[in-house]
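> Listed below, chain by chain, are the residues.
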Amino acid sequence: MNPIAIVTAVSSVLGLITKLLPLVGVKNTEVIGGIVKTVTDMAPLVTDQIGATYTGVKNIIASIRSHPATTEEQLVALRAFNKQVDDAWDAIEAQLDPDAPASA
Amino acid sequence: MKMIRIIGALLAVSLLAGCANLSRNIDIATGVYTFATETTVPASVVIPVANSFNILKAGATNYGRYCIQQKMKPWACDATFRRNVIRAVRMGTDARNQMTGSLERGDPAAASVYNLLVSAVNQLKSSPAANAEFAGATP
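Which chain is which? The protein sequence lines are A and B, in order. What the first sequence shows, in my numbering, is residues 60 to 163, in sequence order. What the second sequence shows, in my numbering, is residues 652 to 790, in sequence order.
Honestly, the hints are just simulated from the structure, not real lab data. Given the structure is predicted, the values throughout are model-derived calculations rather than measurements. Honestly, I wouldn't trust all of these hints.
Derived CB-CB ranges, DEER-like [said to hold, decoys possible]:
id : chain 1 : residue 1 : chain 2 : residue 2 : range
1  : B       : ASP729    : A       : GLY93     : 40 to 50 Å
2  : A       : LEU82     : B       : ASP729    : 39 to 49 Å
3  : A       : ALA159    : B       : PRO725    : 14 to 24 Å
4  : A       : LEU82     : B       : SER763    : 32 to 42 Å
5  : A       : VAL90     : B       : ARG738    : 36 to 46 Å
6  : A       : LEU75     : B       : THR690    : 35 to 45 Å
Covered stretches of chain B, going by a simulated chain A footprint (3 or more residues, C-beta under 8 Å) [claimed, not checked]:
id : segment
7  : 707-718
8  : 732-742
9  : 747-755
We treat Cβ as the ideally placed atom computed from N, Cα and C, and that holds for glycine.
Construct the complete structure from the given sequences, taking the supplied hints into account.
Here it is in structure tokens:
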């Protein structure tokens, strides 16, 4: 599937869930559970191609579940995500910086 | 009858309070952040902001690649924009690394550093690097 189509579809679903969630009754744990399952099931669709969207999905899952403490899994994912974006940025920063010696 | 009305009103109030709390959680997940006024912030608050920063930094990288490819000609690649993006990325990366280090050591994360991260997120969100063509999904 086209990555842009995946981003669009996932973003639409996330947006819809965000709009609908405040309408769910506070005691309706069954509905919340269903939403968590839907979002969790959707996550593997985007893990390979769109890390950013996947992380957004994970954020929503974590917030819905209201974790009282950080899990080791969250820290490992954060560390991996940090390294991924840092490496990509480091590769282009010097060329982008108008004040870097090489750009002058 | 009066008692039923009172119970009904109490239920409505508790439902509304629950919805407000849930709504705030979703705001955190989707990237609407406010500055902390406490001394420290919990990991459950730090991680979504750090992830949002990373999403925006990935967008800044795509923006950088685009500008390099276009030889800095588009208006969005003006030196002023690039300086702002680079400054926000550097500030946010430093703050994120400090916060991640605190979490991994099990220490509370300082609100002053958290607020720097929120500033970086807000600056990047108002920069060309946050455009959908670079950042993909809304962080």
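> Please go over all the hints and tell whether each is borne out by the structure.
Hint-by-hint comparison with the structure:
1. In this structure the supplied range 40 to 50 Å holds for ASP729(B) paired with GLY93(A), their Cβ-Cβ distance being about 48 Å.
2. The beta-carbon spacing between LEU82(A) and ASP729(B), approximately 44 Å, falls within the hinted interval of 39 to 49 Å.
3. Between ALA159(A) and PRO725(B) the beta carbon distance is about 19 Å. The supplied range of 14 to 24 Å therefore holds.
4. Judged by the Cβ atoms, the range 32 to 42 Å given for LEU82(A) and SER763(B) holds: they are separated by roughly 37 Å.
5. The hint said 36 to 46 Å for the Cβ distance between VAL90(A) and ARG738(B), and at roughly 44 Å that hint holds.
6. The given range of 35 to 45 Å is respected by LEU75(A) and THR690(B), whose C-beta atoms sit roughly 38 Å from each other.
7. Remark: the segment 707-718 of chain B is confirmed as covered by chain A, as 8 of its residues place a Cβ nearer than 8 Å to a Cβ of that chain, reaching the required three.
8. Only residues whose C-beta sits within less than 8 Å of a C-beta in chain A count toward coverage, and the segment 732-742 of chain B has 5 of them, enough to reach three; the restraint holds.
9. Residue count for the segment 747-755 of chain B with a Cβ under 8 Å from a Cβ of chain A: 5. That meets the three needed, and the coverage hint holds.
Against the hints set out earlier in the document, no violation occurs for any number.
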